[in-house]
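Protein chains in written order, with my numbering: chain U, 1 to 342; chain V, 1 to 342; chain A, 1 to 342; chain E, 1 to 342.
Simulated from the structure, these hints should not be mistaken for lab results. Where hints are given, some of them may not hold.
Which copy is meant is left open, so a pair is good if it fits within one copy or across any two.
30 Å max Cα-Cα, derived DSS-like pairs, lysine-lysine [to be verified]:
id : residue 1 : residue 2
1  : Lys15     : Lys266
2  : Lys75     : Lys15
3  : Lys84     : Lys204
4  : Lys61     : Lys266
5  : Lys70     : Lys123
6  : Lys32     : Lys61
7  : Lys204    : Lys177
8  : Lys153    : Lys70
9  : Lys116    : Lys153
All figures in this text were calculated on a predicted structure; none of them were measured in a lab.
4 protein chains.
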Amino acid sequence: MIVVMNSSATEENVKNVENIITSAGLHVHLSKGEETTIIGIVGDKTRVNTETLQAADGVEKIIQVTESYKLANRKFHPANTVIKVGGKDTDAVTIGGDQFVIMGGPCAVESYEEVKSAAECVKKSGAGMLRGGAYKPRTSPYSFQGLEEEGLKILHRVSRETGLPVISEVTSEEALKTAIPYLDMVQVGTRNMQNFALLKAVGKCGLPVMLKRGMAATIDEWLNAAEYILSSGNENVVLCERGIRTYETSTRNTLDISAVPVIKTKSHLPIIVDPSHASGVRAYIAPLSKAAAACGADGLMIETHPDPAKALSDGPQSLTFDMFENLCKDLTPLLSLQGRRL
Amino acid sequence: MIVVMNSSATEENVKNVENIITSAGLHVHLSKGEETTIIGIVGDKTRVNTETLQAADGVEKIIQVTESYKLANRKFHPANTVIKVGGKDTDAVTIGGDQFVIMGGPCAVESYEEVKSAAECVKKSGAGMLRGGAYKPRTSPYSFQGLEEEGLKILHRVSRETGLPVISEVTSEEALKTAIPYLDMVQVGTRNMQNFALLKAVGKCGLPVMLKRGMAATIDEWLNAAEYILSSGNENVVLCERGIRTYETSTRNTLDISAVPVIKTKSHLPIIVDPSHASGVRAYIAPLSKAAAACGADGLMIETHPDPAKALSDGPQSLTFDMFENLCKDLTPLLSLQGRRL
Amino acid sequence: MIVVMNSSATEENVKNVENIITSAGLHVHLSKGEETTIIGIVGDKTRVNTETLQAADGVEKIIQVTESYKLANRKFHPANTVIKVGGKDTDAVTIGGDQFVIMGGPCAVESYEEVKSAAECVKKSGAGMLRGGAYKPRTSPYSFQGLEEEGLKILHRVSRETGLPVISEVTSEEALKTAIPYLDMVQVGTRNMQNFALLKAVGKCGLPVMLKRGMAATIDEWLNAAEYILSSGNENVVLCERGIRTYETSTRNTLDISAVPVIKTKSHLPIIVDPSHASGVRAYIAPLSKAAAACGADGLMIETHPDPAKALSDGPQSLTFDMFENLCKDLTPLLSLQGRRL
Amino acid sequence: MIVVMNSSATEENVKNVENIITSAGLHVHLSKGEETTIIGIVGDKTRVNTETLQAADGVEKIIQVTESYKLANRKFHPANTVIKVGGKDTDAVTIGGDQFVIMGGPCAVESYEEVKSAAECVKKSGAGMLRGGAYKPRTSPYSFQGLEEEGLKILHRVSRETGLPVISEVTSEEALKTAIPYLDMVQVGTRNMQNFALLKAVGKCGLPVMLKRGMAATIDEWLNAAEYILSSGNENVVLCERGIRTYETSTRNTLDISAVPVIKTKSHLPIIVDPSHASGVRAYIAPLSKAAAACGADGLMIETHPDPAKALSDGPQSLTFDMFENLCKDLTPLLSLQGRRL
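The following block holds chain U by itself, in its conformation from the complex (with noise of 0.2 Å):
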């Protein structure tokens, strides 16, 4: 951390800043210049309060130097973490080593049937796990807000029927407490990627987490929102970029594909990308996937419906069956070019 003082900061302002330093047990480096005076602090910054020093007389800026996630952190963890998600009543999938997995499955779960067929057409082009939203976080309170636990139900059949691990949002506490025994793997969606006490409550959980990225959030925040997660004692944790807000149309949102090798330079947690919420649109999806793939993400998680004119949420961004198995065929010399597999 350094604190750098503005032009008019007097002598006694920077002595006052030294011991707000030095009474915390730290250590301080002073660097005068002709303009501005710097002090570096040195020790375990977590013993000094940013604000405090921001507040004092004198002080232009704080700069932040070294993150303040530890735990997500590849300085402090310098190999890949390599989650494995279901294996017990369904197959077993690891995410972050070789195996790139696609999550597939409705945006939102309808019937059996629907999520049935989808599950079938995730199986045979073997992608990995089996996703649909019981959940749904929507703008207005009158769109349909998911079928709830009858709609965890259902994923939980196919997906012991099929083998295929499944992953569904979860948007509260309560909602949490009852997805657990359905699932394998819990989603935190972008509204709630800053809700601490839902992230906090994910950590306890037992199931590995897939991280959504806020809608405006940075990197930084990010990571921090997962440090939420992992320092309560859940390491299992997946990143999933889904496109950001920016002033550009044409897209919903923009997908930010450098996030992944900026990830994969902060952190040794897997990242994943979901080109479907990303563009919301679904011309875009195969060669979106594409560049995932071709850049380093660890999986993609990608809407499929039986018949995207009739789905009861986010039809434009699905895929049809026939696209995703084409998209799947696509990415696998694609992914074996980075000695990777589906």
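Using the hints, position chains V, A and E against chain U.
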């Protein structure tokens, strides 16, 4: 709602879309242009599924013409909503009418003495309400998370001693349950604007609610979030603009001052402004407060602290008591130009 | 300037960075933390190349502590700059002092009658300057591009008839050459904020310049753009905030009202606000104008048109003459609270 | 084009809008809903003024259904445009066909030796074109601005010696005039994407043009900027995505990878990607280049430098020659999966 067909849509595609609409009991207005066919939908749009239409063959896009929020919409409720806060164990305050309410107090509750001195400054300055954070949503799990119930007790005690109605943020349903007996108004923070479980819960809590705008929420999403509260039975919702996320870094967020006249046009709900969180810089709070008052906001939420340099949270954006008093003084003649008073 | 080394930087990496700095004649302050080594640079930073440092092995990042603009910087020029416009063939106007200058007139010049009637409204309302577009930068090549020199002649004639100094946008060096004899002030528009050839040219044109903020320019980039003009020899630069690009769509752009106090802190140059382009909606112009006046802006640029419904360009954001007069009337007591006048 | 009336629009308001439309020789399709009346316009929309309609009483909004760009639009030109560069004094390269063109070279031209060694690396790696900056648009007037004509001479000489066609940025009409004899292709940079005078000039310059996306330009604005060049008579336009401005700071800009499939859908023009400027970080260039190739881009622009740590401009985002060669090697099998070659 308007369905725009793409230029290669066939007669059959158009017929299919017409069928989807009419089979939902709605009427169709067809408009064939040289490049595009446009299908207008007449009737109650909640009966038709937008996504189904969007996914139909030949459809280029769906354009929403009317807003999905109804209870928050000025079209169906032309008069301003005026909300009463406190009045039993405290002074009565009204938001949305002639009174311009300033909610003052520390970012985070630290001690009785701190809150008491802040409340005395608020009272003396003529500002109407006391604020203070007991549950603090913090980016990092290692930052100070608030005194929780202990903090609520301090706020309650000071509120009853000074007569100032008190507002505080709740970050979960559990926190809400704990908080209700201590507060006169509850706040839903920016990170929880789309925590729909929490919105529904505050919709049933019996207290007026202040709903902060999400960090990257559109005004439309914000009004839909308010609709969750209103449609759960709570009519007493105040909106709070607190800055949105943009690329600009000289302020912590970008205060979207236009949100004030936009909300006044689209909705009957009161809107206040939080210049402390919007700017993150003490020196900008007074000018932004005046801007808010001049363009028609119904109040302000401002952080004040006996010694900002010692505050445990958000020190740099807190006003000293002198600054707070001077600001209230400066606002008075500005407000009277608009027929308002503190 | 501070060089932050990454956690795996070797002694040799640090030595190398020190050498780069000292061989440029600068001094080094070394600060070794537990995780990171930080190297402060003391002396004239223009002598060292940031990119060279950034690219050196072991460097994590370079942090700029001081601003790159000098002439525009309040640190080296504490007093407000007050700029005189007109005064020979027209009334004299000052920007940045007690006078609050409103520049009114049509978006695009269409005819003598149109400009004359607008100018009469401007004059009668007490607003100080006439504006009008002769060169119109339009997104599509098929939109009306302005009357060019013909438009300048109309503006000039009306200016001299009414005594109002006149400002108009120039979109190229050629347009600038044509425009100089007709104008009292030239405007560089938002799309040309980083057209450095044009900035250098207006820096030598002999007239005061109004520099609009780029659509997605940071305040730092904006002040650096002003620095191009100042360092080419022209001290008379007025900044104009006109809204930035964000994800919000209920206004055309997002008026960054905080830019007013930020600029007042960082620079001595005057700043005015353009609520017409910022909002794109007539109903929001009056409240935003009051916000600008209340938070310390030095003036406004507002579009007004005899019959906005017939305007060839930007009709929806133009005020009628009645609205313009009423706004000027409403602003007067607000300005006098701040010791200013129209 | 669709006119949406607001809910309080009168019969007379609707009639008035109909008159505006029919008096321009167009036809009207009226659609009266319960809440809103919608007026569809049939015919050549360039004959009616959007702003006039928008400003008419009772109008809520105008919705554009068809794009304003025609020559750049795939609807009217379904086949991919393939552009030939060089071929007289250099090798011939094609952009938009089977060949995947990588433009490599230093950010800024510094010396003959530097450019020559970079060109040899480019040639040896199988990349098709040489790039280098002679006119550098820099945020600060005190940064290195480029060697200008001297730099162009170096580029030209190296191009002819190696047979690589050469591209360089022009920042003004004057620079363009100077540059034409030295170059095989000209580049319009991000800061000049809406410098319409320059766009018209390159539209008449006789060389193929690469048009970079503006820092905060929508895809629609970008295609309209291309339309300025096309409608000035130059059909040889290549688009270049180079990252857009967002709130995220871990990369310099946010590479909008979706722009590749979006442009491929909306336009017939080739699109290449610049991962160097998009990310600003050397380590992210290879993964982003693969992403671009995998999702259908027609080429890349990548900075390479003999000794990035000594480069005068943009060192940290330049690849070393080894990295450049390895990247080209890695891309080859990925491209062949798509039937393309370097």
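Taking the hints in turn, this is what the structure says about them:
1. Lys15 <-> Lys266: between (35 Å within a copy, 26 Å between copies)
2. Lys75 <-> Lys15: Intra 33 Å, inter 23 Å, cutoff 30 Å: inter-copy only.
3. Lys84 <-> Lys204: within (17 Å within a copy, 41 Å between copies)
4. Lys61 <-> Lys266: Both ways: Lys61 and Lys266 sit 24 Å apart in one copy and 14 Å across, limit 30 Å.
5. Lys70 <-> Lys123: neither (37 Å within a copy, 43 Å between copies)
6. Lys32 <-> Lys61: both (15 Å within a copy, 20 Å between copies)
7. Lys204 <-> Lys177: both (11 Å within a copy, 22 Å between copies)
8. Lys153 <-> Lys70: Neither: 37 Å inside a copy, 34 Å across copies.
9. Lys116 <-> Lys153: So Lys116 and Lys153 pass the 30 Å test inside one copy only (12 Å; across, 53 Å).
Figure legend: structure checked against the earlier numbered hints; hints not met, in rising order: 5 and 8.
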